[in-house]
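Generate the whole structure from the sequences, applying the supplied hints.
Top line first, the protein sequences correspond to chains A and B.
Each residue of the first sequence is one higher than the one before, counting from 7 in the numbering used here.
Each residue of the second sequence is one higher than the one before, counting from 15 in the numbering used here.
These are calculated hints, taken from the structure and not from any lab test.
A couple of the hints might just be wrong.
Stated by the list, open to error - Partial pick of chain A residues on the chain B-facing surface, computed with a CB cut under 8 Å: (1) 72; (2) 114; (3) 131; (4) 407.
As the list claims (entries may be wrong) - If you anchor each label on the Cβ, the simulated ranges turn out as follows: (5) 130(B) x 93(A): 32 to 38 Å; (6) 65(B) x 382(A): 53 to 59 Å; (7) 79(A) x 192(B): 22 to 28 Å; (8) 192(B) x 431(A): 35 to 41 Å; (9) 193(B) x 35(A): 29 to 35 Å; (10) 79(A) x 103(B): 33 to 39 Å; (11) 112(B) x 390(A): 27 to 33 Å; (12) 360(A) x 125(B): 44 to 50 Å.
Virtual Cβ for every residue (Gly too), placed ideally from N, Cα, C.
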Amino acid sequence: MAGSGNAHLRPEALLSARDLVVEFPAAGGRTVHAVSGVSLDLEEGETLGLVGESGCGKSTTGRAILQLPRPTSGTVQLDGQELTELDEDAIRDVRPRLQMIYQDPISSLNPRRRVRDIIAEPLFIALENVSRRTAMAVWQDRIGELLQNMLRRASGVMRIVGLLASVAFVLWILSETVEERAAEPWLGWTQVPAAVIGFPSLALLLLAAAIALLLGLTWVLLAVMLPFSLMSRQFGEVSSAVGLAGVVVTTGASAFLLWRTWSSFGGWAQWLNSGGLSLLTAVLAVWLVLSMVKPERAGASGVATTLSAMVVLQVFYVAGLDGGIKLAVLVASAVIDTLLFRWVLRCYRANRDAERERAEPRVREVLEYVGINPDDALDRRPWEFSGGQAQRLSIARALVSVPQVIICDEPVSSLDVSVQAQILNLLEDLKNLMGLTLVFIAHDLAVVKNVSDRVAVMYLGKLCEVSEPDAMFAQPAHPYTELLLAAIPQPDPEAELGTERIGGELPSPMDPPSGCRFRTRCPLAAERCAAEEPEMREIAPGRFVACHTPLIGEPAPARVDLATNAEGAS
Amino acid sequence: MRKRLGFVFWLAVVYLVVLALAAVFADVLPIKDPAETFPGTSKQGPSLSHWFGNDGVGRDVFSRVIYGAQVSLVISTVGTVLALIIGGLLGMVSGYYGSRVDRWLTATLNASLVIPPLILFLALVLFLDSEAKRRIFILVFTFVLLSIAPIARVVRAATLSWAGQDFVLAARTLGARDGRVLFREILPNVAPSFVSYSLIIMAGLIVVEGSVAFLGLSVPPPTPTWGDMINKGRTNLDVAAHISLMPAIVMFVTVLALNFVGDKLQQYFEPRESVL
Ligand SMILES: Nc1ncnc2c1ncn2[C@@H]1O[C@H](COP(=O)(O)OP(=O)(O)O)[C@@H](O)[C@H]1O
Ligand code: SF4
Ligand SMILES: [Mg+2]
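Below is the structure:
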């Protein structure tokens with residue numbers, strides 16, 4: 007069942023994964039071969055069951071299709087679009103179309119968030135990603151690609167400058183104090199390092215402030231050039247106004263710093279004693295970097311940062327005063343700061359509430375789809391729900407982003423038997439209602455039988471058999487499929503299916519057997535199986551098997567005793 | 015079912031708030047000048063006019079304890095907040111990105127844990143300290159350096175366990191950026207562990223300041239600090255124990271209150287058992 011080969015793939019597939027390989031590095035320089043050349047495809051509206059023992063790589067295959075993490079090799083095409091070649095930004099746009107439902111419904115919902123936020127999160131994320139893109143598009147329209155590139159490069163520069171500024175700040179403190187020490191004879195040698203690190207670090211700081219000033223001014227100019235209404239539509243009125251104000255403040259502050267640094271060139275010690283200013287430089291530099299990299303986010307949080315820096319400054323200032331004035335200044339600045347912070351907070355809340363309000367109708371609609379009463383659920387947190395209800399929430403979240411394909415990773419394995427059927431029915435209904443295409447992962451063949459149009463059986467990172475479920479159940483073609491079928495608990499005591507159980511342990515994926523990976527446990531294993539990997543081939547219409555001696559098609563060979571065979575193989 | 019914080023928790027909070035307010039407004043409170051020596055009151059025990067008694071040269075111990083709180087609180091708060099921001103970010107980045115970033119950060123942080131705090135501090139003071147006024151910066155700087163590693167380790171461990179949860183995968187499946195995943199999904203879950211831990215770190219810093227002062231290396235006189243007061247009172251321990259005892263009690267109660275509040279918050283924020 008080394009199931010390589012793509013004989014079972016179809017040309018018209020909506021989702022097509024070819025030769026997926028996923029390897030993880032393991033301790034001691036070894037490699038976990040979790041998935042080794044799996045090919046799957048799905049036609050629109052189809053359900054593919056993916057079955058195998060736990061640990062055989064089903065989840066890893068599902069995640070490789072989602073590109074989380076990206077497969078070591080292989081290709082994944084969705085609607086003709088090659089996902090493995092997309093960069094991170096492009097893949098983010100595809101992701102909503104390709105969703106997943108998880109085995110543990112509780113762990114798949116953030117315990118700190120309310121249902122209304124969890125279910126609306128896909129919308130918020132899409133909004134964020136789209137607004138970033140439109141922001142970039144606006145830049146492009148207005149100023150042209152040249153300027154945009156320049157800005158992008160500038161933000162890289164700012165990152166480096168920010169880093170240098172903080173390093174410079176630390177070095178500066180060192181050199182500054184070292185130099186003073188150096189005046190005493192016993193530390194005379196330190197004059198050398200003082201001279202070496204002192205001047206470059208000051209120069210760096212000046213450079214950082216200068217560049218911050220330049221970029222800040224550019225930003226303000228550009229912002230002014232853009233009609234305010236256009237910006238408002240993109241970023242929301244409050245946040246663009248606040249963002250602009252924030253940038254103006256920063257620019258002013260860097261100008262001030264530049265001036266201060268320059269004019270205090272003669273007396274470093276004095277400058278250092280008002281250490282808050284140096285701290286402020288670092289904070290402002292960092293924030294400026296942020297506002298350059300994420301212009302649409304330089305709103306409330308930017309102002310909050312600036313305010314915090316201001317508070318630090320105030321503390322240093324207040325500490326130098328005495329008596330009654332100190333009290334007055336303290337109270338005044340406390341009141342002003344509180345008001346400002348509250349204002350920022352209120353802007354932030356207003357934005358968030360507006361977002362929530364816009365999302366609510368959609369959230370309610372989807373909750374009703376999955377059979378959850380929105381009025382009860384919206385303000386509760388995930389751990390207040392039972393497993394089955396939580397799984398419904400998880401399904402609702404996946405539906406909000408209007409996916410084409412949902413990968414259900416053992417969605418009912420952790421649920422009570424009584425609830426399992428409900429969730430399976432729900433998935434079936436939603437599938438028909440919304441025209442979904444599903445990958446249904448399970449470790450139990452019985453679970454997938456009724457929901458799948460096609461079943462793929464997996465063993466140790468490879469496919470064994472791909473067939474329609476009825477045919478597969480009536481007459482398994484692969485020895486492993488037969489064992490899986492025999493392992494299904496029989497509700498009917500009269501049934502005379504095979505009594506064998508799957509013997510032995512799943513071999514380690516770090517050291518998979520040669521040839522057919524199933525040969526160590528296969529009752530039919532022959533010498534050829536150790537030497538040669540079986541290819542996936544069609545042995546009957548619609549039945550694809552990767553086995554040298556399948557149970558149907560060619561005449562089934564005589565059973566070989568496993569022990570004898572092991573001797574023969576070695 | 016809300017968990018309750020209990021009476022003692024609120025008592026501790028009120029104590030801390032009152033202490034902080036007293037320290038901030040020490041200048042304008044109707045208390046004695048901490049530098050003034052009251053003639054003939056040397057080593058005098060607690061009285062109505064001098065609540066905590068007087069020290070060896072006759073200064074008011076109560077007002078000195080209040081002023082001493084300024085240093086203790088500033089150092090421990092600023093130190094903790096900075097360490098929290100730096101250590102928290104490092105821990106989250108380390109735990110979330112894993113692989114090589116994690117290995118380097120963990121190695122560096124572990125290495126920094128090996129440095130004996132007192133030696134580092136002595137080295138920094140001897141090397142950097144020229145001006146007494148700047149001692150407080152060096153104290154804060156050292157404390158931040160010392161607290162980053164423990165905070166980062168706690169946050170990293172918490173991040174690691176939360177980042178493995180399926181809701182993080184779900185967010186990424188929806189196309190969320192790393193920043194959004196870190197701050198919206200992981201931070202709210204990790205925050206309780208480091209906010210409560212930070213109070214314990216804060217208590218630790220107050221104690222460290224005390225021991226440093228004992229070596230005469232904290233903020234130099236005339237600024238009163240708790241550690242320095244305890245240290246100076248040592249010589250009179252047999253005749254006037256209150257000189258050391260009063261600041262020691264206040265320090266003890268403060269540290270206890272911080273630890274208690276930290277512990278309670280930790281319990282309070284503990285995520286509920288899953289209902290499965
Ligand atoms: N991130 C990982 N790092 C290392 N090994 C992994 C990782 N994820 C999965 N594996 C290994 O890959 C194999 C397949 O795992 P998985 O896909 O979860 O199996 P299944 O979902 O079929 O139970 C297992 O042996 C597992 O230990
Ligand atoms: S008969 Fe050989 S090829 Fe077929 S499953 Fe068994 S070991 Fe693999
Ligand atoms: Mg799994």
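A quick look at each hint next to the structure:
no.: 1; hint: 72; result: holds (6 Å)
no.: 2; hint: 114; result: holds (4 Å)
no.: 3; hint: 131; result: holds (5 Å)
no.: 4; hint: 407; result: holds (6 Å)
no.: 5; hint: 130(B) x 93(A): 32 to 38 Å; result: violated (48 Å)
no.: 6; hint: 65(B) x 382(A): 53 to 59 Å; result: holds (57 Å)
no.: 7; hint: 79(A) x 192(B): 22 to 28 Å; result: holds (24 Å)
no.: 8; hint: 192(B) x 431(A): 35 to 41 Å; result: holds (37 Å)
no.: 9; hint: 193(B) x 35(A): 29 to 35 Å; result: holds (33 Å)
no.: 10; hint: 79(A) x 103(B): 33 to 39 Å; result: holds (35 Å)
no.: 11; hint: 112(B) x 390(A): 27 to 33 Å; result: holds (32 Å)
no.: 12; hint: 360(A) x 125(B): 44 to 50 Å; result: holds (48 Å)
Checked against the numbered hints above, the structure breaks only hint 5 and satisfies the rest.
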